[in-house]
Amino acid sequence: MRKFPLGLASCVAVLAIWQIVSGMKWVNPALLPPPSRVGPAVWDILTTGSIIDPLKQTLSLLAAGYCIGCVLAIGLGLAMGINRHVYNMFEPIVELLRPLPKPALVPPLFLFLGIGIATKITIVALAAFFPVLINTVQGVRSVDPVLLNTARTFRRSMPATMIYVILPAALPMIVTGMRVSLGLSLTLVILAEMLVGSTGIGFLILDMQRSFAVTDMLAWVFILGVIGVVLNGAFETLERMSLHWRSK
Amino acid sequence: MTVLNQAPLGDGFLAPPRATLNPYAISRAGGWILVVVALMVWELSARSGLVSSQSWPPFTDVLKATAEGLYSGELSGVLLSTLMRMLTGFVIGGAIGVILGLLIGTIPVLHRLLSPLVEALRPLPIPAIVPPLILFLGIDDTLKVFVVSLAVVFPVLINTTGGIRNIDSVLMQTARTFRKGPLYRLFFVTLPAAMPAILAGLRISLSLALVTTIVAEMIAGSGGVGYFLIVTQYGMQPAKMYAAILCLAALGYLLNRGFVLVEDRLVAWDRRSEVSA
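Those protein sequence lines, which keep their order, are chains Z and D.
Under the numbering used here, residues 1 to 248 are what the first sequence spells out, in order.
Under the numbering used here, residues 1001 to 1277 are what the second sequence spells out, in order.
Here chain Z stands alone, though its shape is the one from the complex (with noise of 0.2 Å):
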């Protein structure tokens, strides 16, 4: 029970050298604003609540994306761990796309579907995609052999299997795949935002820095964080939570 005060020690440490170094003007105060200043102004977009809209905007495009993302993956990867002429026929295909950096695509995906939401959550499944992909599929080969001899000797169906036994075997991996993606996911909707359209915490974030209102434009950039703390948090936990079970 030590160990929290001490890591909280550490980050009251970073913020008070922040306000020090800001406060006594050794840093442009105009650049970096102290947190007595930042701090007020996340209190602020909280309470006035228009912290609501550009946070409805980037989580809904996050969830549609990643969610889109993820269920394909899961499939394919499903069906590419199980059937080896099926992982044959994808093969080559994902292991052309996979090393593309992501970002790339953002300029293509804008000329075709536009600078709307449509592009935006396709950059987002894509980037959710490839991580998934290759967890399912390895998560499923990994099952012991074991266990479907088993489902086999019982003569389960294949569907049967695929419920009972193959997912429940592969999930911490695939959970495992889907939080890598979540933290890719998270970074190209502020990118596609920042890029285009006019909504959104990544546009914001932008925005400010171009019309130089820095203490807000950290208010938003301290708000992402926490928003990428509690989405890690809790997928940590949900991976936790996959994995003790599994070892029971």
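It should be emphasised that the hints constitute simulated quantities derived from the structure, not laboratory data.
Even for Gly, the Cβ is constructed at its ideal location relative to N, Cα and C.
There could be a bad hint or two in this list.
[Stated by the list, open to error] Partner residues aside, some chain D positions facing chain Z, computed with beta carbon under 8 Å:
1) Ser1055
2) Pro1058
3) Thr1106
4) Leu1114
5) Ser1115
6) Phe1136
7) Leu1137
8) Ala1249
Mind docking chain D on chain Z? Use the hints.
Just chain D now, with coordinates in the frame of chain Z:
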């Protein structure tokens, strides 16, 4: 990917000894045929005017633009500048990550002190930190190298710390039993034992470094492939844009392949299956 290339258990086990054709040969060929068909659909849809759009150049035009761009030096120069920024950031971030990871992994107080801070900073999406940093570092190479280093530090740091914490305690006890000093233990026990985890972290970071470089170049454009993509998109030069994307895919593939080769050499003794990330 080595794991994926293995045949599933029992594959070919019951195959008749004189079978000349692998039962999977057809689907394996099918995979490449699928790629070829996709490219042909691309080519034909653009040539036939089925999709008549300024933004849909035929695949052969893209190949031509790639060859021209690489030959004339326009595309290759852009790629090279991105690669240089990326590698500089990767080396700086990787070194900081390994050193910090070693410190945090070997000194418990530091772990308690710093890991909450790391956990708080790590999930921050990279594009979000670019605008604040532009105010300090401008939009030149300094900014991009800094951002890439920052992105690289965290996976390397986490993996290094994790690798050290997972070292078999018998190893450390043996070293202590033989009265080896802390420096000896660091270089001859800790570092080699954590090496697979460190290299895995570096490999993850390598692709992250490329992504981050491009993101930074897109937001704070002054050069590089990221900026080139944006410029060709707005300038309606789709063939050049796709050429750049093609090269990036090749670059990403080669970087990963190269690193895996190095990794296999350095930790050939490590047979643990890896989790891709």
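How the hints compare with the structure:
no. : hint    : in the structure
1   : Ser1055 : 4 Å, holds
2   : Pro1058 : 15 Å, violated
3   : Thr1106 : 17 Å, violated
4   : Leu1114 : 6 Å, holds
5   : Ser1115 : 6 Å, holds
6   : Phe1136 : 6 Å, holds
7   : Leu1137 : 11 Å, violated
8   : Ala1249 : 4 Å, holds
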